[in-house]
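> The listed protein sequences correspond, in order, to chains G and F. Take the first sequence: its position 344, counted from the start at 1, is 344 in the numbering used here, and no numbers get skipped. Take the second sequence: its position 66, counted from the start at 1, is 66 in the numbering used here, and no numbers get skipped.
The set of hints was computed from the structure by calculation and includes no laboratory data. Every residue, glycine too, gets a C-beta built ideally from N, C-alpha and C. Among the hints, erroneous ones may be present.
[Unchecked claim] Listed below are several chain F residues computed to face chain G (Cβ distance under 7 Å; list not exhaustive):
1) L13
2) E32
3) R35
4) L48
5) P53
6) G58
7) V59
8) L62
9) S67
10) Y94
11) F95
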Amino acid sequence: MTATSDPCDLTAHEILHRLRQGSLTAEQVVQSVLERIRQVEGRRPTAAPYSPTPAELADDRRRVHAYLHLQGEKALERAAEIDRAFQQGEEPGPLAGVPLAVKDIFCVEGTPSTAGSRMLAQFISPYTATSVARLERAGAIVLGKVNLDEYTFGSSNESSAFLPPVGNPWDPRRVPGGSSGASAAAVAAGEAVISLGTDTAGSIRQPAAFCGVVGLKPTYGRVSRFGLIAFACSLDCVGPVTRDVTDAAMMLGAMAGPDPYDATAAQVPVEDYRGYLDRGVRGLRIGLSPDYFRLRFPDPKSGRIQEQEIGGEIAAAVRHAAQVLAQEGAEIIEPVPMPNTRYGVPTYFVISRVEAASNLHRYDGVKYGHRTPQAVKDLREMYRKTRGEAFGLQVKLRILMGMYVSAAQYEKHYYQKALRVRTLIRRDFEQAFSPDGEFRLDALLAPTTPTTAFELGAVYGDSVLMQYADLLTVPADHAGVPALSIPAGLDAARLPIGVQLIAPDFREGLLFQVGRTYERATQHETWRRDRPSLLEDLPRDP
Amino acid sequence: MAGDITPELFAHLVELAAFELPEEQAEYLRAELNRQLESIRELEAIRLEQDIPITSHGVPYLPAISSSPQEDIVRPFPHPERIMAQSPQSEEGYFVVPDIPHTDLS
Numbered sequence: 001m002t003a004t005s006d007p008c009d010l011t012a013h014e015i016l017h018r019l020r021q022g023s024l025t026a027e028q029v030v031q032s033v034l035e036r037i038r039q040v041e042g043r044r045p046t047a048a049p050y051s052p053t054p055a056e057l058a059d060d061r062r063r064v065h066a067y068l069h070l071q072g073e074k075a076l077e078r079a080a081e082i083d084r085a086f087q088q089g090e091e092p093g094p095l096a097g098v099p100l101a102v103k104d105i106f107c108v109e110g111t112p113s114t115a116g117s118r119m120l121a122q123f124i125s126p127y128t129a130t131s132v133a134r135l136e137r138a139g140a141i142v143l144g145k146v147n148l149d150e151y152t153f154g155s156s157n158e159s160s161a162f163l164p165p166v167g168n169p170w171d172p173r174r175v176p177g178g179s180s181g182a183s184a185a186a187v188a189a190g191e192a193v194i195s196l197g198t199d200t201a202g203s204i205r206q207p208a209a210f211c212g213v214v215g216l217k218p219t220y221g222r223v224s225r226f227g228l229i230a231f232a233c234s235l236d237c238v239g240p241v242t243r244d245v246t247d248a249a250m251m252l253g254a255m256a257g258p259d260p261y262d263a264t265a266a267q268v269p270v271e272d273y274r275g276y277l278d279r280g281v282r283g284l285r286i287g288l289s290p291d292y293f294r295l296r297f298p299d300p301k302s303g304r305i306q307e308q309e310i311g312g313e314i315a316a317a318v319r320h321a322a323q324v325l326a327q328e329g330a331e332i333i334e335p336v337p338m339p340n341t342r343y344g345v346p347t348y349f350v351i352s353r354v355e356a357a358s359n360l361h362r363y364d365g366v367k368y369g370h371r372t373p374q375a376v377k378d379l380r381e382m383y384r385k386t387r388g389e390a391f392g393l394q395v396k397l398r399i400l401m402g403m404y405v406s407a408a409q410y411e412k413h414y415y416q417k418a419l420r421v422r423t424l425i426r427r428d429f430e431q432a433f434s435p436d437g438e439f440r441l442d443a444l445l446a447p448t449t450p451t452t453a454f455e456l457g458a459v460y461g462d463s464v465l466m467q468y469a470d471l472l473t474v475p476a477d478h479a480g481v482p483a484l485s486i487p488a489g490l491d492a493a494r495l496p497i498g499v500q501l502i503a504p505d506f507r508e509g510l511l512f513q514v515g516r517t518y519e520r521a522t523q524h525e526t527w528r529r530d531r532p533s534l535l536e537d538l539p540r541d542p
Numbered sequence: 001m002a003g004d005i006t007p008e009l010f011a012h013l014v015e016l017a018a019f020e021l022p023e024e025q026a027e028y029l030r031a032e033l034n035r036q037l038e039s040i041r042e043l044e045a046i047r048l049e050q051d052i053p054i055t056s057h058g059v060p061y062l063p064a065i066s067s068s069p070q071e072d073i074v075r076p077f078p079h080p081e082r083i084m085a086q087s088p089q090s091e092e093g094y095f096v097v098p099d100i101p102h103t104d105l106s
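Next comes chain G alone, as it looks inside the complex:
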């Protein structure tokens, strides 16, 4: 048996098939995942100051470091229950026996729920998020909680208070993306089969692209946010990170839908998403926009906005995907103008910071979380010391910008303007998808990221350039529309390239339909045989 035929490397639907057949047990699946974790994980990230020796650093850069909390025993007990249910002829749920890693931004009762912050390093959640509860009810087995950028504020996982940083399984000297970076890394490395992430500017899709896995940002309101530690309430979306499109469809089906605990969870019926998978793309209109191939970002030295074409390998992967879909019967429509794509990041700099500052005022050292151990003369000093000690730099930066752009004298100039520019971004999508419009698209096809995974330390600290990693993902968050990132090849350095499909509100089924068609049509392409470098180094059974 090779490392890549271990149960931990199977898709969720293949695991379910074998469990129902009786050729595999849930316990074997969990044991396999735990063994993989022992092989590739490395030392557990902690909130202690990170100053590794050269030898430690060298070892850290060969590992994944995804898990902040691992509950192997509990997972094995749950697996045994599921095996008993199968043996007794019961149907323990549509995700029964599938190991799940939960991004540590979700509250799960009785587990540390840290948000990657010193502020919540000791916080044990007294309740469970709706999305996690629904996945558990569907039979998924929670293995533990995985790392993220602090409060999700980042695109590389490096801002977490818990270090060593997460390594990309394709090259652990590189970032896994963020903020759901450990979710994507764990799924890519076989340390989990599925993972639950969140996307506010691209935090599911960008790491999915960097780690060669599938990531879905559902429509805003498709999945309940109850139990999600809030960043930007008008943007936060809960979604799946999986090995393939079928698993993403199964996972979304298990957790989507209205929730009495979240009034923004839309009253829209949940479709049979798996029913879309084999429909093909004949007659669908798929658009390409030049505005997703042209990158506008500030020069790191001069700060001046510069424009350049997206890298040739990424552009070629998107063009190839279009060609594949055309051969499958889709009509490719181009050029589709999306002129406000370029304003996605500046708009996000304003809106997300205002919402973050508002949400993070609750951390006051009184009800839960860190409180300064220093002597203080009054409550205000306690607030200042507590927040100064426990929030990381990127969190402080976001709160300060939020305070600035929402201040009474600047609010109209910045916040109100950003909310109106958001209308323009939304209109780009409405015009592209309108059934009465010029383009009448079913979906837009675009690169997920401007680059493939960059090296650890290469961008971190430059908060502007880091934000521009979300340049191509953030417009869908502003507009609320669903977007699916799927693997679409490797670059010359053998790093994964992702492409995304974007559809009208609540048309996730159509994204799965197109994504699955692409997967099926490209299943024999040579890059699909490549595996993350970390897995190639594993010992193989004779």
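Assemble the complex: chain G is given as a structure, and chain F must be docked to it using the hints.
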């Protein structure tokens, strides 16, 4: 039109944000705020027609997909002690805090 974030304005923002900051963090944060403002200024070039409304979230919440208001029902949390256990300092079911600054008006 706002200018750069000066040290004085920065100190005011820090006060509003309720942080105590070491000097080296303050220097980095102020520099990054000003760099981010350069990016945000891209928005200034956009000419918006008067009738462009704000979008507070992308998906329009039409009545058909919105939750209807719910009746307020009190449901006691089954384990209040688990909530109180998260408090840095509590006593007999109350959160304990340092002195609250006040001005005596008498």
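> Would you mind marking each hint as holding or not holding in the structure?
Tested hints:
The closest approach between the C-beta of L13 of chain F and any C-beta of chain G is roughly 5 Å, which is under the 7 Å cut-off, so the hint is satisfied. A least Cβ separation of about 5 Å between E32 of chain F and chain G falls short of the 7 Å threshold, and the interface hint therefore holds. For R35 of chain F, the interface hint holds, since its Cβ comes within 7 Å of a Cβ in chain G; the closest pair sits about 5 Å apart. About 5 Å separates the beta-carbon of L48 of chain F from the nearest beta-carbon of chain G, less than 7 Å, and the hint is met.
Checking P53 of chain F against chain G by beta carbon gives a least distance of about 6 Å; that is within 7 Å, so the hint holds. Hint status for G58 of chain F: holds, given a least beta-carbon distance of 2 Å to chain G, under 7 Å. A cut of 7 Å between beta carbons decides the hint on V59 of chain F: the least distance to chain G is about 4 Å, and the hint holds. Taking 7 Å as the C-beta cut-off, the interface hint given for L62 of chain F is violated, the closest approach to chain G being about 10 Å.
With its C-beta approaching chain G no nearer than about 5 Å, S67 of chain F sits inside the 7 Å limit, and its interface hint holds. Interface hint status for Y94 of chain F: violated, as the beta-carbon distance to the closest one in chain G is roughly 11 Å, over 7 Å. Because the beta carbon of F95 of chain F sits about 5 Å from the nearest beta carbon in chain G, less than 7 Å, this interface hint is met.
Checked against the numbered hints given earlier, this structure breaks hints 8 and 10; the rest are met.
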